[in-house]
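Fit the two chains together into the complex; they arrive one by one in their own frames, and the hints show the way.
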Amino acid sequence: MKKTKSESVFQVFDVILMFLLSLIFLVPFLTVLSSSFVGEAEISRRGSFILIPEVFDLSGYKVLLGSNSIIYHAYMITLFVTVVGTFLNLLFTSTLAYGLSKRDMPFRNAITIIVFITMLVSGGLIPSFLLVKYIGLYNNVWALIVPGLISVWNMILLRNFFMQIPESLEESAILDGATPIQILIKIIIPLSVPAIATIGLFYAVAHWNDWYDAFIYITDSQKLPVQNIMRNIVIGASIADLGNEGMSDSVKPPTETIKSAVIIISTLPILCVYPFIQKYFVKGIMVGSVKG
Amino acid sequence: MEVSPVDVKVARNLNTNKNIWNTAKKFKLYYLLILPGFIYFLIFKYIPLFGVIVAFKDISPFQGIKDILTGPWVGLKHFRTFFESYYFWQILGNTLLISLYKFIFSFPAPIILALLMNEISNVKYKKVVQTVSYLPHFISLVVVAGLLTNILSTRGGLLNVIIGLFGAEPIFFLGESQYFRGVLVVSDIWKTVGWGTIIYLAAITGIDPGLYESAKIDGAGRFKQTLHITLPGIASIISIMAIMRMGTILDAGFQQVLTLYSPAVYDVADIIDTYVYRSGIEKMQYSFSTAVGLFKSVIALILVLLSNILAKKMGQEGIW
Chain A
796 MKKTKSESVF QVFDVILMFL LSLIFLVPFL TVLSSSFVGE AEISRRGSFI
846 LIPEVFDLSG YKVLLGSNSI IYHAYMITLF VTVVGTFLNL LFTSTLAYGL
896 SKRDMPFRNA ITIIVFITML VSGGLIPSFL LVKYIGLYNN VWALIVPGLI
946 SVWNMILLRN FFMQIPESLE ESAILDGATP IQILIKIIIP LSVPAIATIG
996 LFYAVAHWND WYDAFIYITD SQKLPVQNIM RNIVIGASIA DLGNEGMSDS
1046 VKPPTETIKS AVIIISTLPI LCVYPFIQKY FVKGIMVGSV KG
Chain B
14 MEVSPVDVKV ARNLNTNKNI WNTAKKFKLY YLLILPGFIY FLIFKYIPLF
64 GVIVAFKDIS PFQGIKDILT GPWVGLKHFR TFFESYYFWQ ILGNTLLISL
114 YKFIFSFPAP IILALLMNEI SNVKYKKVVQ TVSYLPHFIS LVVVAGLLTN
164 ILSTRGGLLN VIIGLFGAEP IFFLGESQYF RGVLVVSDIW KTVGWGTIIY
214 LAAITGIDPG LYESAKIDGA GRFKQTLHIT LPGIASIISI MAIMRMGTIL
264 DAGFQQVLTL YSPAVYDVAD IIDTYVYRSG IEKMQYSFST AVGLFKSVIA
314 LILVLLSNIL AKKMGQEGIW
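Protein sequences appear in the order of chains A and B. Numbered per my numbering, the first sequence spans residues 796 to 1087. Numbered per my numbering, the second sequence spans residues 14 to 333.
What the hints contain is simulated information worked out from the structure, not anything from laboratory work. Just so it is clear, the structure is predicted and the values come from calculations on it, not from any experiment. For glycine and all other residues, C-beta sits at the position ideal for the given N, C-alpha and C. Just to be clear, a hint being listed does not mean it is correct.
[What the hints assert, rightly or not] Negatives, chain A to chain B, calculated, CB over 12 Å:
1. S862
2. M871
3. F875
4. A892
5. L925
6. P989
7. D1015
8. V1057
[What the hints assert, rightly or not] Which residues of chain A face chain B? A few of them, derived with a C-beta cut under 7 Å, are:
9. T826
10. F844
11. M900
12. N904
13. V916
14. K928
15. L944
16. Q959
17. P961
18. L986
19. Q1073
Chain B on its own, in the form it takes in the complex (with noise of 0.2 Å):
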């Protein structure tokens, strides 16, 4: 059951519904190709998304699958349970402060060091700064998490020594409340910056040269030309990024939190995803943890439209 070029072309002609299982049939090996990561869809992302259903349960970690199926639904009980917790602003608020200090600080970086790397004029130095500050990024969250405890450590940890020299006591960064999230925000910018560069350094390369040289005969300087030609030439990019970002203001850094964290510092780090892992995997009260995760999940997907619609509005592309 071959298709030829020539059945495909009668195939786009006739578009009766008879038709289309005639097409479909001569494409039979085709969707052979594709069974198998069809499946693996259908198993590992649609069933956990029925699977939602065990947040409107009662489901203990000693029931199989059939209680799940056929267990008394319960209705909103743990929705309820979890607003009317004392954690629920708790983890709200952290999850919504980290990510706003998150936007505020680590979101302008990466235009920040674009617009400096793209000034250095020397192109192999350039090449070599970018190359390292790519390092980061390859590198996972638990290494980092262990460059962090060893220069935070106030045994002899480099940052410690060098606060110790204006005759400040060894600070315990990663263990007290009032420093935490600085942290969280300054590995997060050592670990994002670098990389984040390479989309705004191809938008700049992407702007028109002929608007730098009348600009050049104009008489404006670097600086000016910065500001008035390189700046506005990215603007578009800068406001897709931060559009998109507030899509994902819910996601505050999961495994960067999980891996750093300690009860000592649950009151300003503890997050919605936090939350769910640890009442759900560590104490496994799987109904409760699910209706808290359900939660997340909707309203991250009206904030990941939303900015997918105001994306699109302002003329871009979005991300569909």
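Extracted from the complex, chain A is given alone in its bound form (with noise of 0.2 Å):
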């Protein structure tokens, strides 16, 4: 079947008209990037927005990459959160997650709906930061890990996935005497590494992303991740708490200059592994609209 010859238009039209959206999505990273090499001298001069500088200043940078930046602790924060969290999350979701799979399992149907029940209802805000106050988590690092350990939805996402491995994969293993936890470490995850590995994407993004948690439970600047630190530079606390004494301007409100770099330092890692995992986000998410 030929095209029509208004097809063809409307085919031409939707090419260009998607261009256009897809530089709707980076326009903004593209402004905050120029900008980031903008010197104050040159927004006074010229007054308007300026796509390409007639200098290269790299004050921006140089303030939040000096030595004793705050910056880099920040990050040492965000990767711990990242990396010990998400093992965490993994090791808790997988083993609730699979006890749930065994169907023959007394009281199974019960234990999935107390855990369950987590999602539709929750005490709030007030009473869940009380809880971690209590507990001596308040201003604690570990706040923000804890407190989010397993997230229901991706538990049932692993467990469906484990109902579908086959009973008699098992077997053999439980006549030779192993344990479950034998049996999950050594048949059922490596049997199960795409569907942990898409979970564990999901966690680590959620981690390295999050500033709520942090904004709510951590007070102490020395140990609030780089989300955060970019959030107070960007809404113009000073920047005297970046460590970094020397500059003569540490003191002075940050610059729009030092708002744009601090928003390139902690979005460009994000920015760069994005096009490579977001295929197993999409995975994901198919998954779970099929329900189990």
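This is how it looks when you write it as structure tokens:
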């Protein structure tokens, strides 16, 4: 079937429209990138939007990446929370998911319902906050890991995956006297690498991007992850806290240059990896939408 | 104590009470495996759930767990204070309005984008556009706020420069009540539209290709095919998404508002969640803010249950 003329016109229009739309997704990053290289003097002089600066001013990056900058420390916190947090997420999620994948286990439904209900009802912000405070996690990096140890949604995805593994694969191991934890480690997990990797990515990206838990639970600026340091600089908190006392302007409020540079520094890693991990996320929500 | 497949089959047939415990015994190592996760839910989900009793007491920041358990009850005092306060109608109104605006504008956006993407015949080009459109999904809301402050800056921000070309004065979009909700809705579309297309594109892929074939034979063009085959083909997924969204109408976007609002725009931006945050965490009125949060949770639960029943009535699976 040949395309009619109006359909060809539409095809061209659609291609151009999608191109413009893609630009809209990218432009904010490009404008921030260019303003991170524009010095205060040039902004004052030209007083307008500058796409390509006349002089590439690196002062923003120099302040942020100075030898004592809090950025390094914040990155260590983010890395710690992402790596250790994701590992613990996977450990707790997979053990619970494996146990609940056993169809014949008595009380399996009751336990599943108890877990599932927490998706529908929650105590809300303040009771959770008070709990974290009373158990001594307030202002502690572990408050960014422990309260969110298991996502019910991820647990159910993984449980459904485990349930698809034929029980016959476990039978010989059971007869050999293997314990459930041995079967989980030696048989189930090796068979579930794609599913576990996908869920691990869900957790890892969530940890990397999380700012809210630190916003609620952490007040000490020495314990804040990158996202929160970025936020504090962008909303104009003093950059005296950056630890760069040698810089004469470190007590002034941050300039547009520094604000833009910190956005770039904190966003660059995720911008670089997302094209490679997005397909696993797409698969994950496709599995999720098919109810098990 | 191993569980052999034979044991399991026997257990299936014997369903008396005594045998449940016998079977349970055989599964004891599996229960051990479940235990850490189960304890996590008891501590971090169920204790806060019972912690809502704070809303019916007078708990000050200087009191401990003991006071929460033994302190005197004050009944519905905090709820009454909230319902009678000036803020009640303001934050309820803001929450519903922001949700409604997002429903009107953010909800159809991915459907339209999916239909437009679907028409692109060059597969590679389509993939690139899709990948680019997913980008905002992977960045945090604080980054979005940072990008917005840059682009909306009154000092050389791109948007103000563009409206300057038309002779307008720079506008402080984030600080003026008449523009703030618009910024919320537009940035919400920007962040969610690309990712939202996935479910609709998948539904479009699931439509029987034979339908298009016969439509072509009947002489229907691409536009008519979209109107009479694609749209009806994804109508059920659209309606279930709409119903599910109605269940979360009290979630106007807590984190998004929290990263963008300021006292200058509280009159249009303050929603239930941000109000709970400020009165609870900042002002430490634990009992009062728990009451406000509980009010929201109860209504939200009713809405979610209703929307799920509605979805099931329409022949959909619902979320459980």
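Status of each hint after checking the structure:
no. : hint  : in the structure
1   : S862  : holds, 25 Å
2   : M871  : holds, 18 Å
3   : F875  : holds, 17 Å
4   : A892  : violated, 8 Å
5   : L925  : violated, 6 Å
6   : P989  : holds, 18 Å
7   : D1015 : holds, 16 Å
8   : V1057 : violated, 8 Å
9   : T826  : holds, 5 Å
10  : F844  : holds, 4 Å
11  : M900  : holds, 5 Å
12  : N904  : violated, 12 Å
13  : V916  : holds, 6 Å
14  : K928  : violated, 9 Å
15  : L944  : holds, 5 Å
16  : Q959  : violated, 18 Å
17  : P961  : violated, 11 Å
18  : L986  : violated, 17 Å
19  : Q1073 : holds, 5 Å
In this structure, the earlier hints numbered 4, 5, 8, 12, 14, 16, 17, 18 are contradicted, and the remaining ones agree with it.
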